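> All chains should be modelled from the sequences, with the hints used to inform the complete structure.
Just so we're aligned, residue 2 is where the sequence shown starts under my numbering, counting upward by one.
Hints should not be assumed to be uniformly reliable.
[Unchecked claim] In silico DSS-like links for lysine-lysine, alpha-carbon gap of 30 Å or less: (1) K61 - K91; (2) K61 - K145; (3) K61 - K113; (4) K223 - K113.
[Said to hold, decoys possible] What follows is a list of derived Cβ distance ranges for each label pair: (5) H158 - Y235: 17 to 27 Å; (6) S139 - I289: 38 to 48 Å; (7) L246 - T410: 40 to 50 Å; (8) N151 - K332: 35 to 45 Å; (9) S334 - G409: 17 to 27 Å; (10) S86 - V189: 37 to 47 Å; (11) S205 - S88: 36 to 46 Å; (12) N92 - E379: 29 to 39 Å; (13) S88 - T410: 54 to 64 Å.
Quick caveat, the hints were computed from the structure, so don't treat them as lab data.
Predicted, not measured: the structure shown is a model, and the values here were computed from it.
Glycine residues also receive a C-beta, built at the ideal position from the N, C-alpha and C atoms.
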Amino acid sequence: MSRSLRAGILLCALALAAGAEQQPPPIRCKVRLPEQFNEHQPTILPLLAPNGTRLYVDRKHHPQNTGGVRDPDEIWYADRFPDGSWSALKNLGPPLNTPGSDVLCALSPDGKEALVFGIYRPDGTKHSGFSTSRRTDSGWSFPKPLRIRNFYNLSQHYYATWSPDRRVLILSLQRLDSYGGLDLYVSVYDSLRDEWSEPENMGSVVNTSGMEGSPFLAPDGKTLYFFSTGHRGYGGMDLFMSRRLDESWKRWSTPVNLGAEVNTVGDEASISLTVRGDSAYIVSIDPITRRPGIYAVCLADSLRPLPPRWEPREAPGPLSLRLFFALNRWKLSAAQRQRLHEFVRRLPANAGEVLVEGHTDDLGSTQYNAWLSRKRAEAVRAALIALGIPAERIRTAAYGSTRPAVAGTSPEARRQNRRVEIRVTLAPQPDAPP
Numbered sequence: 002m003s004r005s006l007r008a009g010i011l012l013c014a015l016a017l018a019a020g021a022e023q024q025p026p027p028i029r030c031k032v033r034l035p036e037q038f039n040e041h042q043p044t045i046l047p048l049l050a051p052n053g054t055r056l057y058v059d060r061k062h063h064p065q066n067t068g069g070v071r072d073p074d075e076i077w078y079a080d081r082f083p084d085g086s087w088s089a090l091k092n093l094g095p096p097l098n099t100p101g102s103d104v105l106c107a108l109s110p111d112g113k114e115a116l117v118f119g120i121y122r123p124d125g126t127k128h129s130g131f132s133t134s135r136r137t138d139s140g141w142s143f144p145k146p147l148r149i150r151n152f153y154n155l156s157q158h159y160y161a162t163w164s165p166d167r168r169v170l171i172l173s174l175q176r177l178d179s180y181g182g183l184d185l186y187v188s189v190y191d192s193l194r195d196e197w198s199e200p201e202n203m204g205s206v207v208n209t210s211g212m213e214g215s216p217f218l219a220p221d222g223k224t225l226y227f228f229s230t231g232h233r234g235y236g237g238m239d240l241f242m243s244r245r246l247d248e249s250w251k252r253w254s255t256p257v258n259l260g261a262e263v264n265t266v267g268d269e270a271s272i273s274l275t276v277r278g279d280s281a282y283i284v285s286i287d288p289i290t291r292r293p294g295i296y297a298v299c300l301a302d303s304l305r306p307l308p309p310r311w312e313p314r315e316a317p318g319p320l321s322l323r324l325f326f327a328l329n330r331w332k333l334s335a336a337q338r339q340r341l342h343e344f345v346r347r348l349p350a351n352a353g354e355v356l357v358e359g360h361t362d363d364l365g366s367t368q369y370n371a372w373l374s375r376k377r378a379e380a381v382r383a384a385l386i387a388l389g390i391p392a393e394r395i396r397t398a399a400y401g402s403t404r405p406a407v408a409g410t411s412p413e414a415r416r417q418n419r420r421v422e423i424r425v426t427l428a429p430q431p432d433a434p435p
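Listed below in structure tokens is the structure:
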């Protein structure tokens, strides 16, 4: 990040002003990213890694794309140094990049799973759809296709994102029931069938006779950002925010324009929020040079993701989480790491000591079970530290099979006893909000 960009963000100030309904206060913070991001155009779809240290982009028709200048989309990235500056952009390479259209749509909360466009074939070709890839020490895995029931897209354009638990997809497609061009659709994962439901239109509150695309769902799982050409705005394509009103994924609040300090008379085509949720990276048009580029912008309080919900308590008490393990396993799965990430993200400000207890079933020797329960507790402790919990606040205990959660020796009882229990104490919070 350049010195001017750092200064711009530090000097970011929200100027409250009376305005029309559904319009946020003006935001005095919009800074074009350094030239390495913007020297080649078009460069679109910025996506910030959850830890904030890497920014992915889509470079279209770049000479160094896998397919050269005829390659329509390729995933590139830059890393952020401790001083805030950015490295040169690097091509992500295979297997995610091919001679065809390659787009990084979303990342899991731990940054280790990617949602990408296309169904990848071993010969390097692709067809329409979406896939997932896992990041390992040796790089990204070959993408695994998502089975989406009755999937089709009548447009050559496409966008996608997913919920923090990766159980819900929000897709931007054109289908027979679209209100206009691209519409936003929802698809829910069916674990019994290992497939995704048929995309369902998200309705006329969000979708219009124009186009809606580039969805970004905030970590709260409720606040959605997207572009639209159909809602009232400042230019041809503006960025908007809407909030989910219930658990159906079909009821959304009236979209709010992100305002004149974010949107222009040109096109704002995509958005990716930072970890804090108070700022974002967008694609916008320079008002003087008319050159497109990637910008950092600040978001007004009313446009940010919802904070964790505070619920009053009569007295401080513990928060808890239970993780289950397969037989003889102690390493954390991706699903377990995601549950830990969500658990830590929702911890209130008055969270205190964290107790991590490892347990096993009754199979195995006493010595082995003591070792295994300790390994499970240590694995969770290391993950909590990586998520920002200070090491001095974490206590671990290993009980082997001596404290079963469920009595008995049935397979189900043993499954429930192979676990780690996490308890977080809460300190008094006299200044809690009303």
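> For every hint, state whether the structure bears it out.
Cross-check of the supplied hints:
no. : hint                    : in the structure
1   : K61 - K91               : 14 Å, holds
2   : K61 - K145              : 24 Å, holds
3   : K61 - K113              : 24 Å, holds
4   : K223 - K113             : 22 Å, holds
5   : H158 - Y235: 17 to 27 Å : 22 Å, holds
6   : S139 - I289: 38 to 48 Å : 45 Å, holds
7   : L246 - T410: 40 to 50 Å : 47 Å, holds
8   : N151 - K332: 35 to 45 Å : 37 Å, holds
9   : S334 - G409: 17 to 27 Å : 25 Å, holds
10  : S86 - V189: 37 to 47 Å  : 41 Å, holds
11  : S205 - S88: 36 to 46 Å  : 44 Å, holds
12  : N92 - E379: 29 to 39 Å  : 38 Å, holds
13  : S88 - T410: 54 to 64 Å  : 56 Å, holds
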